[in-house]
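Number of protein chains: 2
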Amino acid sequence: MSDTHAIDSLVQILSKLPALGPRSARRAVLYLLKKKTTHMASLIEALQDVYEHVQPCPICGNMDSQSPCHICADPRRDDTQLCVVQDVSDLWALERAHIYKGRYHVLGGVLSALDGIGPDELNLSALLGKVKEQKVKEVILALPATLDGQTTAHYIAELLSETGARVSGLSRGVPVGGELDYLDDGTLQMAFKTRQTIQE
Amino acid sequence: MSDTHAIDSLVQILSKLPALGPRSARRAVLYLLKKKTTHMASLIEALQDVYEHVQPCPICGNMDSQSPCHICADPRRDDTQLCVVQDVSDLWALERAHIYKGRYHVLGGVLSALDGIGPDELNLSALLGKVKEQKVKEVILALPATLDGQTTAHYIAELLSETGARVSGLSRGVPVGGELDYLDDGTLQMAFKTRQTIQE
Numbered sequence: 042m043s044d045t046h047a048i049d050s051l052v053q054i055l056s057k058l059p060a061l062g063p064r065s066a067r068r069a070v071l072y073l074l075k076k077k078t079t080h081m082a083s084l085i086e087a088l089q090d091v092y093e094h095v096q097p098c099p100i101c102g103n104m105d106s107q108s109p110c111h112i113c114a115d116p117r118r119d120d121t122q123l124c125v126v127q128d129v130s131d132l133w134a135l136e137r138a139h140i141y142k143g144r145y146h147v148l149g150g151v152l153s154a155l156d157g158i159g160p161d162e163l164n165l166s167a168l169l170g171k172v173k174e175q176k177v178k179e180v181i182l183a184l185p186a187t188l189d190g191q192t193t194a195h196y197i198a199e200l201l202s203e204t205g206a207r208v209s210g211l212s213r214g215v216p217v218g219g220e221l222d223y224l225d226d227g228t229l230q231m232a233f234k235t236r237q238t239i240q241e
Numbered sequence: 042m043s044d045t046h047a048i049d050s051l052v053q054i055l056s057k058l059p060a061l062g063p064r065s066a067r068r069a070v071l072y073l074l075k076k077k078t079t080h081m082a083s084l085i086e087a088l089q090d091v092y093e094h095v096q097p098c099p100i101c102g103n104m105d106s107q108s109p110c111h112i113c114a115d116p117r118r119d120d121t122q123l124c125v126v127q128d129v130s131d132l133w134a135l136e137r138a139h140i141y142k143g144r145y146h147v148l149g150g151v152l153s154a155l156d157g158i159g160p161d162e163l164n165l166s167a168l169l170g171k172v173k174e175q176k177v178k179e180v181i182l183a184l185p186a187t188l189d190g191q192t193t194a195h196y197i198a199e200l201l202s203e204t205g206a207r208v209s210g211l212s213r214g215v216p217v218g219g220e221l222d223y224l225d226d227g228t229l230q231m232a233f234k235t236r237q238t239i240q241e
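Chains A and B, in that order, give the protein sequences. Okay, so the first sequence: first residue is 42 according to the working numbering, each after it adds one. Okay, so the second sequence: first residue is 42 according to the working numbering, each after it adds one.
Isolated chain A, as found in the complex:
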């Protein structure tokens, strides 16, 4: 179908997005073609807006249309807490949960021997500099509970040991709404070992 070049190349580009394959990309394109003046026009506009204005924050690594980002620019956020995350999506997840009012630092990955990601590939020297120069009292490592994530957490804890800041990590346990029966052994062991007294 060489004549349908415009549609084909759009399908091909869309199907490279995570969560979309060739079939769902075709469905998306047909959906857009049916809603051309409404949905498709606003999608092009929104993409162009993001393309032109959104960039990584030079301070924390968040993606935002203002620079520094709205979190780094907010004077009400707590300068004494710094939360280290693997990726911008984790930062967004924490913001959606409305539980944290400190600052962030996006690593851009975790240490991984398999993927060849060493300390130099991550945004680590800037982290050490921040904690040293600023009045950071606690560094919260909100890293994935995987082997690589925990290796990275230990590496960072070691790196920051000279600064005197408290280094903490998220607790492990049974997810809210989780059935014990479906839980993996590692999580169950960890949840049992770190069990909490229930206050009456």
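Take the hints with a grain of salt, since some may be wrong.
Pairs count within a copy or across copies, as identical chains cannot be separated in the list.
Under the rule of at most 20 Å between Cα atoms (straight-line distance), these lysine to aspartate or glutamate pairs were calculated in the EDC-like manner [to be verified]:
id : residue 1 : residue 2
1  : Lys234    : Asp222
2  : Lys76     : Asp128
3  : Lys173    : Glu136
4  : Lys234    : Glu93
5  : Lys75     : Glu179
6  : Lys77     : Asp90
7  : Lys76     : Glu86
Hints are computed from structural coordinates only; laboratory data are not their basis.
Following the hints, put chain B in place on chain A, whose structure we already have.
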């Protein structure tokens, strides 16, 4: 997060696409932001190309950047066969299978009492006109094997009975690679009833 307006509205628009929810839309946006100059730029370009050039073919209803579409414009296609499909996606599926060299007619839906789609909502009078005026010898109804699809097929067969053209439908049976054990009863009954002699 009112300051991240650009990202939020892109996520919102993307999450309305079929096959994408809010979470996968966010992942897609982050992916695009990481590949801004390559992937995101070409996505915007491809979308704009489709937006400006692709439109429904006035003859068959296919979506294409040329008008009439490349199938209707192709002199090598067989004018004596006309394949009726529910939607453009079905036309594309048949084209991908490389089994048919005739012309198409896209209905834009099937009759549905529940959804309030009657004969006037479908592209039916044009179909009757085409079969009458042109040298169509066979109308192949490649409609879904659902109740609504089959109601529509019978309605069209009735509508075209005066034209003298042969009206056929796709056969029902066991899908290639299908296990009998997992098949629904209706398909199994139909496949048994319409069993074929195996040539030696």
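How would you classify Lys76 and Glu86 at a CA-CA limit of 20 Å: within, between, both, or neither?
both (14 Å within a copy, 18 Å between copies)
Up to 20 Å CA-CA - Asp90 versus Lys77, copy category:
both (18 Å within a copy, 12 Å between copies)
Are the CA atoms of Lys234 and Asp222 at most 20 Å apart within a copy, between copies, both, or neither?
Within. Shortest intra-copy distance 17 Å satisfies the 20 Å Cα cut-off; inter-copy 47 Å does not.
Classify it for me, Lys76 with Asp128: is the Cα-Cα distance of at most 20 Å met within a copy, between copies, both or neither?
Classified as between; 15 Å across copies, 34 Å inside a copy.
At most 20 Å between alpha carbons: which applies to Lys173 and Glu136, within, between, both or neither?
Neither, since 25 Å and 64 Å both go past 20 Å.
Have a look at Lys75 and Glu179 and pick one of within, between, both or neither, based on CA distance no larger than 20 Å.
Classified as neither: same-chain Cα gap 52 Å, cross-chain 29 Å, threshold 20 Å.
For Lys234 and Glu93, with the copy left unspecified, which applies at a CA distance of at most 20 Å: within, between, both, or neither?
For Lys234 and Glu93, neither the intra-copy (50 Å) nor the inter-copy (62 Å) Cα distance is at most 20 Å.
Checked against the numbered hints given earlier, the structure breaks hints 3, 4, 5 and satisfies all the rest.
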